[in-house]
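Knowing the structure of chain A, use the given hints to seat chain B on it.
One line per chain: the protein sequences are A and B, in this order.
Residue 86 in our numbering sits at position 86 of the first sequence; the count goes up by one each step and never skips.
Residue 85 in our numbering sits at position 85 of the second sequence; the count goes up by one each step and never skips.
Please note: incorrect hints may appear among the correct ones.
[To be verified] Think about it this way: if two alpha-carbon atoms lie no more than 30 Å apart in a straight line, the pair counts; the simulated DSSO-like pairs of lysine-lysine are:
#1 K62(B) with K10(A)
#2 K96(A) with K82(A)
#3 K83(B) with K63(A)
#4 K16(A) with K74(B)
#5 K7(A) with K76(B)
#6 K63(A) with K105(A)
#7 K76(B) with K96(A)
#8 K103(B) with K105(A)
#9 K62(B) with K32(A)
Source of the hints: derived by calculation from the structure; they are not laboratory data.
Chain by chain, the residues run as shown.
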Amino acid sequence: MIGRPIKTRKVAGTPKVAGFNPYGQSQGEVFKETIFLLYEEYEALRLCDYEDYNQTKAAEAMKVSRPTFTRIYMRARHKIAKAFVEGHSIHIEGGKVSYDNAWYKCNECSSIFNNPDSLNESIRCPLCNSLNIDQCRNEGGTIK
Amino acid sequence: MKIAISSQSNSIESNVDPRFGRCPFFAIYDTESSNLEFLVNPGKAAEGGAGPVATSFVANQKAEKVFSGAFGAKIKSLFDELKIQMIVVPTETTIKDIIEKLKK
Numbered sequence: 001m002i003g004r005p006i007k008t009r010k011v012a013g014t015p016k017v018a019g020f021n022p023y024g025q026s027q028g029e030v031f032k033e034t035i036f037l038l039y040e041e042y043e044a045l046r047l048c049d050y051e052d053y054n055q056t057k058a059a060e061a062m063k064v065s066r067p068t069f070t071r072i073y074m075r076a077r078h079k080i081a082k083a084f085v086e087g088h089s090i091h092i093e094g095g096k097v098s099y100d101n102a103w104y105k106c107n108e109c110s111s112i113f114n115n116p117d118s119l120n121e122s123i124r125c126p127l128c129n130s131l132n133i134d135q136c137r138n139e140g141g142t143i144k
Numbered sequence: 001m002k003i004a005i006s007s008q009s010n011s012i013e014s015n016v017d018p019r020f021g022r023c024p025f026f027a028i029y030d031t032e033s034s035n036l037e038f039l040v041n042p043g044k045a046a047e048g049g050a051g052p053v054a055t056s057f058v059a060n061q062k063a064e065k066v067f068s069g070a071f072g073a074k075i076k077s078l079f080d081e082l083k084i085q086m087i088v089v090p091t092e093t094t095i096k097d098i099i100e101k102l103k104k
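Chain B extracted, bound-state conformation:
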């Protein structure tokens, strides 16, 4: 299963970004192959509607769970339709913390 995490930078030590739509990077982690990659969020540069742009980007990566510091008001219904689970984590959490917890 693939998961997506909104990240403040492209390193495993970086913290979870408090914005879902406008975070600079998404960490895409595959729980089966333990493969981690960082992808630039196309919603970061979007003029408006960054949330829906980021949502479809994450959905195209086949992520089934999305971790972020917070989600905007429009996002819930989009993810509900796609049956993707949203998880809000405290912003002091790092990408590494999440991956290690998921491995247990």
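Chain A on its own, in the form it takes in the complex:
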């Protein structure tokens, strides 16, 4: 029997740094182990502890169920606690994620727009308030 495939988690962006190193260890001691914190775990921590979302709202933002979000969040805290206590370095990488940099096109007034409020599910055209919109295929760069 094979398990269900992992759902893609939506993240707002990548962290500013690639990881953290401990300092102040006794001479000659090297980092024994590296903790790999996944992007989705970083995002869960950011939403819950930095942006002060509750878990239900944070789960919606990441497009996963609330129990799944809790598991991601628990894993994130466990990994960070482990790194702190045992003095490991943390690498933030990997995970099954998609980025929220989508553009949308209104079919009524042909304007193109983004949606910075990722919690808002029903997207309307900001100009003519139409619901007749499509997601654009082109991503990033100058759009016209």
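Chain B alone, transformed into the frame defined by chain A:
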């Protein structure tokens, strides 16, 4: 809510400017008070980095939505961080068109 529109001149009849960073004027429109004012874009005269200059200018005006003919490559991440919505409209649109559509 305040919105900012990149404008080719300081009149309500003028078209949307196709450049966000180097447009001559920003039309700042307040949807609650229907107050419209035109402000000179400080990014117009900037030597380099006109986009970020214009971005912070618009953010300081407390605009929550920005309309322009096009946005440069560096702008998206700046506005995302500020949670300001970007809207690309066809350049034949006038300032008046946008304001009238928003009133509906």
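Going down the list of hints, with the structure as the test:
{"no.": "1", "hint": "K62(B) with K10(A)", "in the structure": "28 Å, holds"}
{"no.": "2", "hint": "K96(A) with K82(A)", "in the structure": "22 Å, holds"}
{"no.": "3", "hint": "K83(B) with K63(A)", "in the structure": "19 Å, holds"}
{"no.": "4", "hint": "K16(A) with K74(B)", "in the structure": "16 Å, holds"}
{"no.": "5", "hint": "K7(A) with K76(B)", "in the structure": "27 Å, holds"}
{"no.": "6", "hint": "K63(A) with K105(A)", "in the structure": "22 Å, holds"}
{"no.": "7", "hint": "K76(B) with K96(A)", "in the structure": "23 Å, holds"}
{"no.": "8", "hint": "K103(B) with K105(A)", "in the structure": "20 Å, holds"}
{"no.": "9", "hint": "K62(B) with K32(A)", "in the structure": "49 Å, violated"}
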